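We have chain A already, so just place chain B on it with the hints.
If you read the sequences in order, they're chains A and B. Each step along the first sequence adds one to the number in numbering that gives the first Met the number 0, with nothing skipped, and position 355 is 354. Each step along the second sequence adds one to the number in numbering that gives the first Met the number 0, with nothing skipped, and position 93 is 92.
Think of the hints as simulated: they come from the structure by calculation, not from any bench. Please read all numbers here as calculations on a predicted model, not as lab measurements. There is no bait here: all hints are sound.
Cβ pair distances, simulated, as ranges:
{"#": "1", "chain 1": "A", "residue 1": "Arg-156", "chain 2": "B", "residue 2": "Thr-69", "range": "24 to 30 Å"}
{"#": "2", "chain 1": "B", "residue 1": "Thr-69", "chain 2": "A", "residue 2": "Ser-375", "range": "38 to 44 Å"}
{"#": "3", "chain 1": "B", "residue 1": "Gln-82", "chain 2": "A", "residue 2": "Tyr-172", "range": "29 to 35 Å"}
{"#": "4", "chain 1": "B", "residue 1": "Thr-69", "chain 2": "A", "residue 2": "Glu-368", "range": "38 to 44 Å"}
Taking beta-carbon pairs under 7 Å as the criterion, some of the chain B residues facing chain A (in silico):
{"#": "5", "residue": "Ile-4"}
{"#": "6", "residue": "Gly-20"}
{"#": "7", "residue": "Arg-32"}
{"#": "8", "residue": "Ala-35"}
Beta carbons: idealized from backbone N, C-alpha and C, even for Gly.
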Amino acid sequence: MLEGLLVATIVVAVAFDFTNGFHDTGNAMATSIATGALKPKVAVALSAVMNLIGAFLSTAVAATIAKGLVDSHLVTLELVFAGLVGGIVWNLVTWLLGIPSSSSHALIGGIVGAMIAAVGAHGVIWKGLVSNVIAPAVLSPLIAGLVATIGTWLVYRAVRGVPEKRTNTGFRYGQIGSASLVSLAHGTNDAQKTMGVIFLALISYGAVSSTETMPPLWVIVSCAAAIAAGTYIGGWRVIRTLGKGLVDIQSPQGMAAECSSAAIILLSSHFGYSLSTTHVATGSILGSGVGKPGAKVRWGLAGRMAAAWLITLPSAALVGAITYFIVHAVGGYDGATIGFALLVALSAAIWLRSRRAPVDSTNVNEEWEGGLTPPSVKGATGAEPASTLVDAP
Amino acid sequence: MSAWINYHAVWKILVFGLVVGAGLPTLFAVGVRLNAEGASVTGDTGVAHRNRVPVAISSAIFAVVLIAVTTAVLYVARDFLGQYTGVYILGAKHN
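One chain only, chain A, in its complex shape (with noise of 0.2 Å):
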């Protein structure tokens, strides 16, 4: 019975890391697709590939995402499977509505609402909570806007007077290396959150001793492979709003950008702060827009961003909880069967609703006019916008 469990619990673990994959291509790509640096199919490839190299490079188990953040001596399978669903689903709704969310958030929350509908609020270790992950969420998008902010500044106070054509042709290169450098660093922080998760329902299940400090490998494969296979599927609602939407990018600020978040990600991990990707790379764009002289920043759109982001959390973990709720009340492998075809059903509808109005590598880069559904779907079908992040006039 709990053997089945744990197949379930390890299913759906690898089903967040590929939701993580497509949710977060835009993080590293958006830019580089939007200044037309690379082509969108092309973009989506290089990042998969980075991403799968990053997932082998760091080998520091990422058990962090639950230890330090709830009582691991109350973590049960069903626990971290309902934790899982309640990640999985609010990716897939912020990704409909083209909503750059932390998925490391996401997960986190679904982890934390299982928790506390399993033994209530003492099974969460809210300091833990407001320290590495509350706190990094307020911080870390301030830290990388400034970053960006005065690398942008910089770069272009260092070519002020040459003729654009002049310096394009370099600053795309290092566009391409900088946004590689991005997917690199998503690869080596994100597969290792789901790498960390499955290592925890192992260990929870007795599968793996707890003194064990590496996951095994076909842990590790599984998790790269999916983190690569959904990132190369390519979120193209998020890669449009990160890309078009939050500001009008050119190569040298796009350059800027990734450069500021993959510092800050990658020294991020070395110094241990835990951080979501996306917060750093969404502030990293928006600083690329503020150091830009001139440049115009859809502040409407960060904000209603920076309102997902705040609901993110609580959203997730009431997902999480209602499952924990399900699961547990049928109990077992059945419980985990309904709670799978649970899931099933609301990705396939979430999935169905997107096909209304589709972004995809051929309208990605549309201009944007006033909301997420690029023009000529709007003009072909008479959608609706496909969002609530629709531009104020």
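Leaving out everything else, chain B in the frame of chain A:
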């Protein structure tokens, strides 16, 4: 309060982030500028010719940026490389 916000890590990330995350792209931009200036100087005859000095400096700058990035990636991957290849660099942990 410091237990709630990890100031120690934050200021390090900010300082190193500025040096690497803003410094390297700026250095790269200086390279791009020198390269653009050196690559096509139009002389009195109206014929473009290369000016070697700025081009050479820009190449040196690109090399420095490339070395910095390569070193950083190797640094991140040092434990992994050590474990699977037996080559321990940049202070990699011995297992």
